[in-house]
Amino acid sequence: MSHVIPYVAAIHEAIREEMDRDERVLYFGQNMATSPDDPFLQAFGPDRVRVTPISETAEIGMATGAAMAGYRPVVELYMAEFTLVAADQVVNEGSRFHFMSRGAVSVPMVMVAGYGFTCGWAGQHTGSLYGMFMGVPGLKVAMPSTPADAKGLMTTAIRDDNPVLYFHHYLLLLTEGEVPDGEHAVPFGVADVKREGSDLTIVATGHTVHTALAAAETLARRGVSVEVIDPRTIAPLDVDTILASVARTGHLVLVDQATRHASVAAVVAAEVAELGFSSLEAPISMVTALDSSIAYSQPVEDYVLPDEHKVVTAVEKTLGLAPVPA
Amino acid sequence: MVVGETVDGGGRDALGPERLVWMYTQMYRIRQFEERVKSTFTEHPGTIRGHTHLADGAEASIVGCIATLAPGDQVLSSYRCHGYPIALGSDTKLMMAEIYGKATGLCGGLGGSMHLYDPARGFLGGSGIVGQHLPHAAGAAWAAQIRRRGEVVVCFFGDGASKQGAFHESLNIASLWKLPVVYVMENNRYNASTRSDQEDANAAAGEPLSTKATAYSMEGTTVDGGDPVAVHATMVEALARARAGEGPTLVESLVYRLSAHGNLIAPPGVPLHYPEHEAIAIFGNRAEYESALRGDPVPRFRHRLVTDGVLGASDADALEAAAREEIDESQRFALDSRLPEPDSGLAYVYA
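Residue numbers (my numbering), protein chains in the order written: chain A, 1 to 326; chain B, 1 to 351.
In isolation and in its complexed conformation, chain A is listed as follows (with noise of 0.2 Å):
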């Protein structure tokens, strides 16, 4: 049985629920439960949910200091460009802690944070900055691209014993779409196919699951077969998952809202060209955002980002099809 809700509520939906079985999750954040109606406030009370002042150090840094104490925060933070103003604490504090002290305390929390705001919020609140969190040791990142996922992975994300990095999208926050009834943990490092193909494998993350799924809907028209796979946490990531699909399709293109050099799709390349080499039949397509800060005005903003045109091209070239006039 399952239900249909938006991304968003499917988000508050699993906050909620382990919420309710745990009373050590914790829920704060800016300009959230400032008021006595607050949803959160009234069913958890103020020891609980409470509204933090614009200080990012403190909220990551308290999430983690409440996390060495036995409790299992979650920290909403907005904007993924705002755990910058607490870079240390998000890379270099609770992540490493585990470790310094061979797993005598650990940190569970969840830093909650949206990216790729795309639609005019100009250059500073639309980046796509996973990508420099995927290689701290210690920190899981999580991506999830559709509402079920969204549920899954923040349940996932709160039960786990480390600090996690939850970026959701933007974009999506109002997409509909249909979330199980009930306990829903998505487990994580493990990548989920999103769509089965067979002539090429595609890799991409958050709101480009679905510029992938729409480009792969289109080539279906035309007689290709396209795999979508959708790593759903990119820290760890299900290399396995990606090689075994190229195994079988012999080319790979990989769609990411990141600029070139600091996106998932680098990551994902260079481990194929590692490990899955021989299964190439074409040199690996990277389709991601170019070069650039992201713009203002909209035909600017759209020039940069990749698009179901630009990954429709970017197959046609891997399997050496002709291009299809529009």
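Because the hints were derived from the structure by calculation, they are not lab data. Treat the numbers as computed from the prediction; the structure is a model and nothing was measured. Note that beta-carbon positions come from the ideal geometry of N, C-alpha and C, so glycine has one too. Mixed in with the good hints, there may be bad ones.
Examples of chain A residues lying across from chain B (beta carbon under 7 Å, computed) [claimed, not checked]:
#1 Phe117
#2 Gly138
#3 Asn162
#4 Ala269
Derived list of chain A stretches under chain B, where covered just means 3 residues or more per stretch with a C-beta under 8 Å from a C-beta of chain B [as the list claims (entries may be wrong)]:
#5 53 to 66
#6 69 to 80
#7 84 to 94
#8 98 to 111
Take the given structure of chain A and dock chain B to it, following the hints.
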């Protein structure tokens, strides 16, 4: 993880003779430990890698604070973190082995001097980045506030950390939420090799650094960190406030670190050692340093206890000998221990 088993510092009791002698014993043990760490650089070159930071000079402040704690209270500190776990009851053998990078160390050689952890004794660790553990203390204090068992978090840091944004963000929210946390700033007058009046507006204006508490509508007080009894009295008040739900306190504890900020920073191949204190090495102020040595809180407290008849001279000699023997044994243990297996580097990345 088990927390809440802090050694009982007996802090809610008045300071009787037994407690005063206990305090002196801890001060002397810390001094011995730190002097042994320091001499390791010349007596066993290459044994200690990277950077260490010693607490010599701050023993009275450390012990005066720890003596006020009760079971369930928790402590966090900066990278100058050897003194607190000693006073909390951590095994000095395991601590020395950690600083020597051995498999038998408190953290198996994965943490080192700047990253000691002993949560079973209430020590939640030392963070290596200046000031970044202050919000961790606020978070642990939020946890204590929710538990409602009257437990308190004490957070130690240096004066330099009070110029970090993390300090200001943490004090604001700690005061706003009335968190049960005491922020103990050990003001040793130097931010690494920079004098306070070169980098702190309050210091430059001739005001105490505890003035900063005023900005966050919280209690702030300055105490002679060379006097463990004065520190204890200040902390008893601060902890009572915290336990009663009346919020945090900023305690500025005036100490003088008797060693340089840390051992020499040098690439491999250069023998490491402790340079002269910055007062001499950088500012040419030998008189300041020698004056600090004359006020050394460890002999000062011994003298006071002996003069007051709390501790006989021969008893003092005996406890000092026992402490030296303990540290001898700790060093032997650390020297004789094996290095960790290389692949332990992958064993604790994730919980």
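Hint check:
1. Phe117: violated, 25 Å
2. Gly138: holds, 6 Å
3. Asn162: holds, 5 Å
4. Ala269: violated, 24 Å
5. 53 to 66: Satisfied; 12 residues make the cut.
6. 69 to 80: With 4 residues close enough to chain B, the hint holds.
7. 84 to 94: holds (count 4)
8. 98 to 111: holds (count 11)
Checked against the numbered hints above, the structure violates hints 1, 4; every other hint is satisfied.
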